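Novice: Protein sequences, first through last, are from chains A and B. Numbers 8 to 433, taken from the numbering used here, label the letters of the first sequence in order. Numbers 953 to 1421, taken from the numbering used here, label the letters of the second sequence in order.
Careful: at least some of the hints might be erroneous.
[What the hints assert, rightly or not] Simulated DEER-style distance windows between Cβ atoms: (1) A:E424 x B:G1151: 54 to 62 Å; (2) A:P189 x B:D1052: 43 to 51 Å; (3) A:N147 x B:G1413: 49 to 57 Å; (4) B:A1037 x A:E99: 51 to 59 Å; (5) B:K1226 x A:E424: 33 to 41 Å; (6) A:G377 x B:D1024: 28 to 36 Å; (7) B:D1052 x A:N62: 39 to 47 Å; (8) A:D116 x B:E1085: 41 to 49 Å; (9) A:N147 x B:G1076: 53 to 61 Å; (10) A:D116 x B:A1079: 33 to 41 Å; (11) A:D73 x B:A1044: 46 to 54 Å; (12) B:G1055 x A:V193: 54 to 62 Å; (13) A:K251 x B:D1024: 28 to 36 Å.
None of these hints come from the bench; they were simulated from the model. Keep in mind it's a predicted model, so treat the numbers as computed, not measured. Each residue gets a CB set at the ideal place from its N, CA and C atoms; glycine is no exception.
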Amino acid sequence: MRALLLCAAALLCGTAHAETIAISGGTVAIGDGSQPIPSGIVVIRDGRVIAAGANVAVPAGARIVDAQGKWVAAGLVAGFTSEGIVDGEGIEETYDGAAGKSVFNAAIDISTAINPTNQSIAVDRSWGVTRAVVSPEANNSVFAGQGAVIDTGADDTPVTKARAFQYAELGEDGASHIGSRPASYVMLHDALAAARSASRGGDSKDALITRADAAALLPVVEGRMPLVVHVERASDILQVLSLKQAYPNLKLVLLGAAEGWMVAPKIAAAHVPVIAAGLADLPAAFERTAATESNVGRMQQAGVTVAISTVDVSTEGGQRNLRQYAGNLVGISRVPGMTGLDWGAAFATITSRPAAALGLDGDIGSLRPGRRADVVIWDGDPLELSSAPLAVWIDGVAQPMTSRQTRLRDRYLNPQEGALPKAYER
Amino acid sequence: MLDRRAALAAFLILAACTDGAPPRSVSTTPSGERVVEPWKTDPFPSTYHAYPGIPTLVTNVTIYDGEGGRIDGGSVLFADGKVQAIGRNLPAPAGATVIDGTGKWITPGVIDVHSHLGVYASPGVKALSDGNEMTSPTTPEVWAEHSVWPQDPGFSRALTNGGVTTLQILPGSANLMGGRSVVVKNVYARTTQGMKFPGAPYGFKMACGENPKRVYGAKGREPSTRMGNIAVDRETWQQAVEYKRRWAKYEKEGGDPPSRSLAMDTLAGVLDGKILVHNHCYRADEMANVIDMSKEFGYHVTAFHHGVEAYKVADLLKANDICAVVWADWYGFKMESYDGIPENLAILQKTGTCAMIHSDDENGVQRLNQEVAKAQAAGRRAGIPIPDEVAWEWLSYNPAKALGIADKTGSLKPGKMADIVLWNGNPLSVYTRPDKVWVDGALLYDAHDPKRRPVSDFELGQPGEGDVK
């Protein structure tokens, strides 16, 4: 059991994992798209959710955590990030997302780079982000490599699922790496053909990709690994959807999809989930000319499974701001002519929907029974700007609520030096 | 320290003889041509004009006046482009439109003191990348207004989603001295002159730290280090002091006017106090270096922008009458932002330092009210309670002060420009959006009227045109 491993390794063994915890009296936000439940109960045991809702019995012997007046919510799942693979976006020495001069692409496994002690993981954890989708970045290929799903727990086992998906660029970004959109498709078909050929014992000497890359693409062709494709333009989305004709087993996921609303019924009909750019409403590139804040709402109305991410909007505040973006999607419901989401659907875009996009919503992303016990107690509505977490559990383990940021805050609440330099205040 | 600064200032004023009325700074060349100290001219004057408005009374509304005042169940009256009165139970003048503000909030328009709209416009193609003249570390001769594309779709989003009525458009931070800024009304016009805020002083963009040393270090030239940054700055300021001295001599003694330098004109304007310095500077220690440099050459830093470490030297900034312009929670995206904390604004406020929010971002400018809400909440949790109406100073009055336009806009005082946002709820809530926005009393956004929503030329005829953005 992961929880037992954690207990053996971590400083947090004070939390007994065999213990049953009942978090009682708070407004419960399950994360599956349902609306918040007043005065609910969440029961966790052995790192998993046992039950959550209004009419949940408290098991005998459970430790009760009083959450009256608070919110008890599923941990947030950040839909597309560099979490744990960089210590600062502009600090290039620390960045493992781009493989630079490497001859490999699809075979790259980002899970090998995750550093669970970096600052942003601790900051986002203290803000209720308990899982993150982590992806490499494409360099000289359509394919960037294999992304991972991680937890943000204060322990040394961050990887929830390694090789959770393959990531590809097929829009303007892809074209900028490869030369053009058509050239990107040639490369994609050539690589997938090499993967198939290799699996049949065929000779792939003519293929332009390495044996390792071809091998990494086989589960993609066979539909055992999702293929997350970044495209924004409506016409690019349709091209990607049409890949299923050549590769019927592909498990496609669209990333970005700023113009998704223009072809939303077709995305829905293809049963392709979208990890959208939450609030990107500017024609920041020609491929996003029709960008609108109503994109997510309209796609959802058309029946598309939509998660949101920080793709195409500012990431400098960290993944913690996903809740702000989700809150805005609720807010725009009140603006005439705009299409937003109701609260439950908005909260799902940052919890169960990103998990669902990668086929992991049976394991993470909500407080439904059996899911990993990623639970956050908030001092108010988790989507509201004035709210903050009071307690965070990941895999049922209570997490520290401190970070470098809280330490700096405490040191400089009074900026002036005292009897000793600031370096002695800790 | 103060003595040294005063002495320097006195010297400069004496040497320049420029503090008088315009006639004193006008001379006659031997050929009879009149020459004014060139940095005092206005060759690209504003042609902005206010659009017509209807006298409007908003009643039963929660008012944040922008200067820390709050009235619940209040009324705001504006007409002829100006705020006429705020209070309770104001009578409606004949012919006035009366809007019931029940459940709504009214505030001064948001002012973003740090924007690159127009100079880094959408779409972000190379052809529209006009924000950094990255060919020399000091380019005081460039003016952002000559790069602004007034059709940037970003202006519309800032207005309709963010309630932004005034912006300072700055050059980028690749250069130590990036050039002049321009302050604009957030009102689309065919020309940039048509957006320029009438009577707003120019700003001057400077930058500390990583960007200049990285850009020019990569070119194999000075500056490639932080010490190089300061050295190049000081060499340049020294030239400006000498330039100003030559003009002062000419003013006094006549003869041939000194040869003109556009770069030195801008710096002379700064030394005169007519152009306000907006200095991109992340780290506390670098702010201290800049403060000393400003005293050495006799200019004043109006504001440090991107001051993610301002909280560490809040007392120093206060003592030197410098504003801190910051984000709510940006951090860690480069080494010099590694120590950013969400309590920055609150600690500055607690210390009594002039502080404000800014965006530096075409997305963030749409949600500055929300950024303030996060900063306020972080302060409350750290034991620094800041009332909503006081927090609003970070969005309007303090930015107006930093731009030198606080006598014209930034609060709802009678006689000021009617730059006003009616919000459909508490503007510090994530669920709230502008209901209506007026600029100089003209209704330029109405959530209930698609015709009161700007669509830039670029978006006309494109997919999604007229869509609610």
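Novice: A separate judgement is required for each hint: does it hold in the structure or not?
Specialist: Against the structure, the hints come out as follows:
1. A:E424 x B:G1151: 54 to 62 Å: 43 Å, violated
2. A:P189 x B:D1052: 43 to 51 Å: The hinted range 43 to 51 Å is violated for P189 of chain A and D1052 of chain B, with Cβ atoms some 58 Å apart.
3. A:N147 x B:G1413: 49 to 57 Å: 37 Å, violated
4. B:A1037 x A:E99: 51 to 59 Å: Check passed, 56 Å falls within 51 to 59 Å.
5. B:K1226 x A:E424: 33 to 41 Å: 37 Å, holds
6. A:G377 x B:D1024: 28 to 36 Å: 49 Å, violated
7. B:D1052 x A:N62: 39 to 47 Å: Cβ of D1052 of chain B to Cβ of N62 of chain A: about 43 Å, so the range 39 to 47 Å holds.
8. A:D116 x B:E1085: 41 to 49 Å: At roughly 43 Å between Cβ atoms, E1085 of chain B and D116 of chain A fall inside 41 to 49 Å, so the hint holds.
9. A:N147 x B:G1076: 53 to 61 Å: 22 Å, violated
10. A:D116 x B:A1079: 33 to 41 Å: Since D116 of chain A and A1079 of chain B have Cβ atoms about 39 Å apart, the given range 33 to 41 Å holds.
11. A:D73 x B:A1044: 46 to 54 Å: Check passed, 52 Å falls within 46 to 54 Å.
12. B:G1055 x A:V193: 54 to 62 Å: 58 Å, holds
13. A:K251 x B:D1024: 28 to 36 Å: Taking Cβ atoms as reference, K251 of chain A and D1024 of chain B lie about 58 Å apart, which means the hint is violated.
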